[in-house]
Amino acid sequence: MNDHEMNEMKKLFKEALSPMRDAELGRDLWPLMLERLAAWPLRMPWWDWVLLAGAGATILFVPGVIPALLYHL
Amino acid sequence: MCKHPYLRAYLAGIAIPTAFLLAIMTAYTIDRYAYDMPVPIERVIVFPMAAVPNAWGLWNLVYVAFLQKRHVPLGLFGAALPLLLVPGGYLVARLLNFTIPPVAFHVAPIALPIALVVYYLVWKYFVGFLNAELGVA
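Chains as they are written, first to last, in this note's numbering: chain A, 1 to 73; chain B, 74 to 210.
Certain hints may be false.
[Unchecked claim] The following label-pair restraints were derived from C-beta to C-beta distances:
id, chain 1, residue 1, chain 2, residue 2, range
1, B, Thr99, A, Gly26, 43 to 53 angstroms
2, A, Ala39, B, Pro113, 41 to 51 angstroms
3, B, Pro113, A, Trp30, 55 to 65 angstroms
4, B, Ala205, A, Leu34, 16 to 26 angstroms
5, B, Val135, A, Val62, 24 to 34 angstroms
[Said to hold, decoys possible] Cut-off 25 angstroms, straight-line C-alpha distance, at most; resulting in silico cross-link-like pairs (SDA-like, lysine to any residue):
id, chain 1, residue 1, chain 2, residue 2
6, B, Lys142, A, Met44
7, B, Lys197, A, Trp47
8, B, Lys197, B, Ala124
9, B, Lys197, A, Ile66
10, B, Lys197, B, Ala181
11, B, Lys197, B, Pro146
12, B, Lys76, B, Leu203
13, B, Lys197, A, Trp49
14, B, Lys197, B, Ile183
15, B, Lys197, A, Gly56
16, B, Lys76, B, Lys142
17, B, Lys197, A, Pro45
18, A, Lys14, A, His4
19, B, Lys76, B, Phe199
20, A, Lys14, A, Asp3
21, B, Lys197, A, Thr58
22, B, Lys76, B, Pro126
23, B, Lys197, A, Ile59
24, B, Lys142, B, Ala128
25, B, Lys197, A, Gly54
26, B, Lys197, A, Val50
27, B, Lys142, B, Leu131
28, B, Lys197, A, Leu60
29, B, Lys142, A, Arg43
30, B, Lys197, A, Trp46
31, B, Lys197, B, Ala153
32, B, Lys197, A, Leu37
33, B, Lys197, A, Ala39
34, B, Lys142, B, Phe202
35, B, Lys197, A, Pro67
36, B, Lys197, B, Tyr79
37, B, Lys197, A, Asp48
For the record, the hints were derived by calculation from the structure and aren't laboratory data. Just so it is clear, CB atoms sit at the ideal spot from N, CA and C, and this is done for glycine as well.
Bound-form chain A, shown alone:
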């Protein structure tokens, strides 16, 4: 592709693609991102903690259940 063809191609692209307007963001999104990162995403009720602790303790004291759990997970 020579220079003339390249220039023609650029011209065609410029004609095909309209110039962007209002490309700047209306507001800064970074504070919102920081707010989302700082928010505690996981709120577990106390009974879920009890279930988790009970299941963990049972698996710890009865490790024979582990293969059966792995087979079905």
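With chain A held as given, fit chain B onto it using these hints.
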């Protein structure tokens, strides 16, 4: 994000067991071939490899399609899945002439409630998170 919600629900459902399968397969392979574990797991590995992830995907699809609008808790619905998977796993093992180790029957009364709890927590938090991220929650 409004296209193909059932496909996204299916993908959100299979994600957890598919990722977890890598750890299970690694452990089984090391036990079987490095430590000569005398249990021919490869005869029944098709169940955790194929049936379980697809069951999770279809279970999540059913939840999104029919139960989400009725405000059925995802954790409780997910906790019901072992009630199908456990008999299914037993049936597959029997059909493939896999000798179930006797210890499995001894720990079954403990393993089933633990499975229900684990499924409840995993579905409530992990599958629920994926459903929200994929826009089907």
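For this structure, which hints from the list above don't hold up?
-> none
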